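K.L.:
The lines below spell out each chain.
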Amino acid sequence: MNFEFSEEQHLLRDQARAFLAEFCPTNTVRAVLDSDNEWDHALWQRVAEMGWTATVIPEAYGGLGLSHYELAILAEEMGRSVAPLPFSSSVYLASEAILTFGSEGQKSEWLPKLASGECVGTVAMWERPGALALEQLATRRLGETVSGVKSPVPDAGVADVVVVLAHSDAGLEACLVPMDQAGVQQQSVMTLDGSRGHSTLTLNNAQAEILGHNAIDPSAWERLIDGAAVMFAWEQLGVAESALTQARDYALQRFAFGRAIGSYQAIKHKLAAMYVKNTLARSNAYYGVWALAENSADLPLAAATARVAGIQAAAFAAEENIQTHGGMGFTWEFDCHFYYRRAKLLSLVIGSEAVWQDRLVSGLTHQPTVAL
Amino acid sequence: MDFNDTPAEARFREEAVTWLSHNVPSDDAFWALTPLEQAKLWQKRKYDDGWACLGWAPEFGGRGASPIEEVIWRQEEARYELPTNFFLIGQGMIGPTLMAWATADDKARYLPPLASGEEVWCQLFSEPAGGSDLAALRTRAEPDGDDWIINGQKIWTSGAHYADYGVIVVRTDPTLPKHKGLSYFYIDMRAPGVEIKPIKQLTGDADFNEVYFNDVRVSDRQRLGEVGQGWQVALTTLMNERAAIGGGIGKMDVDLAIAIAQDVELDGQPAIDNAAVRTRIADWYVQEAGLKYTGYRSLTALSRGALPGPENSIGKLVGAPKMQAMASFLMDLLGASGAISDEAMAVKAGIIQRAYMGAPGMRIAGGTDEIMANIIAERVLGLPQEPRLDKGIPFTDVPTG
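So the sequences go chain by chain: Y and E. Taken in order, the first sequence gives residues 6 to 377; the numbers are from my numbering. Taken in order, the second sequence gives residues 45 to 445; the numbers are from my numbering.
Warning: the hint list may mix true and false statements.
As the list claims (entries may be wrong) - In silico EDC-like cross-links for lysine to aspartate or glutamate, where the CA-CA straight-line distance does not exceed 20 Å:
id : chain 1 : residue 1 : chain 2 : residue 2
1  : E       : K336      : E       : E59
2  : Y       : K349      : Y       : E324
3  : Y       : K275      : E       : E414
4  : E       : K295      : E       : D307
5  : E       : K336      : Y       : D303
6  : E       : K392      : E       : D307
7  : E       : K224      : E       : D441
8  : E       : K224      : E       : D177
9  : Y       : K275      : E       : E422
10 : Y       : K275      : E       : D413
11 : E       : K88       : E       : E59
12 : Y       : K275      : E       : E430
13 : Y       : K275      : E       : D327
14 : E       : K336      : Y       : E9
15 : E       : K435      : E       : D177
16 : Y       : K349      : E       : D327
Since the hints were derived computationally from the structure, they do not count as laboratory data. The model shown is predicted, which means the values in this text are computed figures rather than measured ones.
Same shape as in the complex, but just chain E (with noise of 0.2 Å):
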């Protein structure tokens, strides 16, 4: 074993490092432009030189590299601190969704400009009545000539207020069992009669919305797949909800446990000789030793052209909650200072608060906890799903509540 790159890769490595120690943008004026300008800027400089959407095909803006390229690209990207977040959803879900269900015409339009940045989308899934269960979903599309109008509600859409296009899952047939009845489009976000409110979460902040539809009109052709295949289209999207492989969850390691374990006292000594604080410091450094050495794994398979194996389901389901417990204990030992969230005059600036005020949405979104431990325990272990009441029935004869 080793953890060296093939000769191949560590060529590719050095290309990228050498295009980004060039390209990076260090100027004032560059950070002076709002993230989103700032985003837009940094992607179509990665597109115009062949940077962006390294895996996809050169027709759609890609280079048609592997996915131990893509890591790789990825692992030195990550190196500065830059907005990339504006396009994971769209460029890593909703384009390879593209490539697989649209027209030719409809990949040639819309992927090139997804990639370079110039056209944002997002994801309009969940809803009020479908979180975890996406598939009860309430949105209508009907029939009206060559169109149809779409009326209901999405809930938690990631970026619908900046989004220039949408995907939405609806329901075509409610006659039809639940996933049966439902068909898959692409929108226009400002399409008359949608309408965008965002949510503010619990920690202040408003990255969601809530996105209603009033007799919104879409034409036929922005279907995806077949009517009634929605949901297959839909699963399309959602396996390209990638494990971020090799990546962690904020800021949250045990070296900053440890320096603030190092820095504060519990009984008259640094915390960190306390045996309880290192039990609880040793288990933390298990997960996230284990999580670190499992997307080593998982890059190893890449690298070999294999398919990493079912290990990596388990990141978010150990880094959320670490991340939250993590948050809480260090807080503990600072004692009432803990509180402290102002970034003037908090310990780390308040990263400490944050993460832990952000944590329930970690262990929430993409998939709850349980959600995650249901797909271990279905797709790897093999176990059957729980029985449903809403097999086999017209979706409108499903109880709900």
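Pulled out of the complex, with its shape left as it was, chain Y reads as follows (with noise of 0.2 Å):
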């Protein structure tokens, strides 16, 4: 039995923790909450010089070609920092997107970018209220143009390129878009979690270029944001671990009728709870990362199991931290909020707690999916 990371990427761990400590601490992202930043540029440019978005691109176009466990390990790091950076839209989404469809000329143009971090990237799903469904977008391609609305799009107004999900004669087709173009209009939108940037993307014959030049598989993309969600549930458990720690530590240090706040049961039993739904969301996302790794057909339940749980433990940590904190928590000042909105943000960015239930009970009873 050997479920368990190595030694050197456990070296990474505390590498990347230390790092994150160091350059993005809380007062980082406070400082992209008030202002009107959709990202900190410069921790991006320190984050692309440690390699990390190069992490699984292959070395063939200038990337490490480590393992999706590592990527795991910095996706814990990058969720219990909150760091307000495009990572999970570059490095989860687009550069999967164009490493999995992308022709070799498309691969060799954009993934060397994306690796150094030279270029940042996105995908554009989203059309309207409700969960997506892929056979109903109304995106079109035409030509070698896309024209639609896509809203919102995660992290558009600093994004250099961004995978457009669009539909043709043809059927599903993801479009590579480059942002800087008069075809493509990008409205920022307030989102609940103003440490990321979130955009309108309005589509008038933009210049497209189909990935692959053919149209894919829903399944295929379906896969892929199993991948993604994978990743996204190690995210979501490093936001619950630094809300659980912030709770534990106050617990510690408030007094109230005479005693700190943490020697009630009240307050034991809560965040006992926290403790339970992390260390569930830990080991499923274990499995989660070894099925994506090693390409294991348990993918889709296992990706499932990671995201519900991630979400999960995300949401009832954050919830209960701030409960913990009574008034302060509630507080602009107090760095509770930021979890709070992270965890909600992540809830919803690849579809949402029922969808990834219901794909759950999908991958036990081998039904086909189609929403996600």
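Both chains are given apart, each in its own frame, so use the hints to dock them into the complex.
P.N.:
Shown next as structure tokens:
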């Protein structure tokens, strides 16, 4: 039985945690939240210099050619530090989409720039409220252009290239759309997590290349999202762990009725419940990353399980962390709201809890899935 | 990551598989015995070939196996339906206590027959006045020459009615603060004055007992640890109340939930297609898979020769309420038929109803949900204990009710 990260991978975790503690303390998050910035550009450059954006991109395309085990470790630390970065959009989604569906030329053109962090990528899926239905997208690809309105698109305000999901007569297509062109109109939109940027993208005959020059099977897109779900689960776990740590530290230091509030069972049991959910989320995230890294047929079930566990752990820890802090937890001054915002944002980004619970049961009963 | 044995573990597993395939009783004569007789016969067979209490030293009947080898053995033995529960408390909790605290003579006398199953032990800790608050126990032992005279009552004693020996914590000095006035003995369960009364549980079964002590005479040689050191000795016993690594609770799993949800209808469709049903099943699977893979993480630590982290402490706290909630929900899916527990008529021969009726006990035994949450909060998260009204004052002055 070897269900654990290697020594080298543990070292990477220590290194990443120390790096983010130094360069991404919570006042970094606060600075982005308090401004109109959609990211911390200097932090992005540091992270890119560390090679984190290159982690799973093959060496042939300027990457490090490491595995998803390493990326999972970094994802957890991104969540732990609530990093104000487009890491998930560029690394888990755009890079993976180009790597999976791109032609040789497309991969050679874009992956080295995404690996170096010189370019930021994102993926534009959503168009309207409700669950995403891949077969009902209104965005159309005609010839070498794409038109439609995508919203919200994470990190589009800082992105150089967007993978736009669209339909043509040939079916579902993932289109590569450079941001710097007249056919792309980007309008920033306010979301509940202002430490990350979101936009509405209006595409008017925007120049587009079809990834791989062919329509894609919706199930292949779902496979990609399953992989991303595992990474999001690790990031959610990081958020959950930070929220638990903050709640624990406060419960030790805050006194009421003559004693630390952490000595009351009402608080103890709340924190124990957080620990339980975090532990379940971690163990399920282990299985998720194993299934992803080993390309197991279990991936759809493992990813859905990790995703649901991650959503539940992060939401519960972030909500109950504020509750543990009492009134101070409700202030702008305390950091509790960073975790609350990020936990909810991450739970919405690639399909929310009910969708993934449904996919989980489909995985258990081997039913086909369509909805994302 | 992979889920494979190391080469040494694989060889050990192969050895275990082979021995089991040749030695697991299959004859009708075996299955005609009472469960206790079956258990004793099977235990003796294992003992004779070196497969009992594997982690114990050879002189006590074991083979000095590593923790991961013990787990591999348990996994392989669990593939057969064999009676092993009768020895869990004695071998799992009391054996290690004897090893730590008994004299060399007593270890040589008592450990081998405990390993072979020829002698069964029980644990006399809980009392009507001391469950979660174990150290509040009131059973007294008073010195009388070289002996002690025990008076009082224990409760929830599993297996007292078939045990040969028991370990008992008693109060030897009620004028001291409560943890300091305790002492620990082993006793002969057939000694004069020991009276055992079964407790009928709400399930209708009787697995537990009340045990009364009326002037029971015990030699001072049967004391483990110093007079007044009983709490420390008791902690040795309780620390060995091991989490069942890699194991589950009963047969209430998501596979069963899916089978039932596929079988019955809700709103004219298979229940498995109902969104509310799917949500519940997904949440239970998150718990079930989470516990399973938590177990794998612990096994990995054992396999590397390390101690598992605190993550295993969540097992009972998640598993027992899940069993209750699942059983309740599956009965709901069955509608009024869900009430039928008659084995001949009930869906799945009544295991759902039995699980529901047994679940309250699972949530209490070996530490209630609330105590388990306290343990996680205090030992894992480092939160302080509740202030205690009984701290540092003579036991006789502690408020009771």
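K.L.:
Are the hints correct? Go through all of them and say.
P.N.:
Hints, one by one, checked against the model:
{"no.": "1", "hint": "E:K336 - E:E59", "result": "violated, 25 Å"}
{"no.": "2", "hint": "Y:K349 - Y:E324", "result": "holds, 10 Å"}
{"no.": "3", "hint": "Y:K275 - E:E414", "result": "holds, 11 Å"}
{"no.": "4", "hint": "E:K295 - E:D307", "result": "holds, 18 Å"}
{"no.": "5", "hint": "E:K336 - Y:D303", "result": "holds, 15 Å"}
{"no.": "6", "hint": "E:K392 - E:D307", "result": "holds, 12 Å"}
{"no.": "7", "hint": "E:K224 - E:D441", "result": "holds, 14 Å"}
{"no.": "8", "hint": "E:K224 - E:D177", "result": "holds, 14 Å"}
{"no.": "9", "hint": "Y:K275 - E:E422", "result": "holds, 12 Å"}
{"no.": "10", "hint": "Y:K275 - E:D413", "result": "holds, 13 Å"}
{"no.": "11", "hint": "E:K88 - E:E59", "result": "holds, 19 Å"}
{"no.": "12", "hint": "Y:K275 - E:E430", "result": "holds, 15 Å"}
{"no.": "13", "hint": "Y:K275 - E:D327", "result": "holds, 19 Å"}
{"no.": "14", "hint": "E:K336 - Y:E9", "result": "holds, 14 Å"}
{"no.": "15", "hint": "E:K435 - E:D177", "result": "holds, 13 Å"}
{"no.": "16", "hint": "Y:K349 - E:D327", "result": "holds, 18 Å"}
In the structure shown, a violation is registered for the earlier hint numbered 1 alone.
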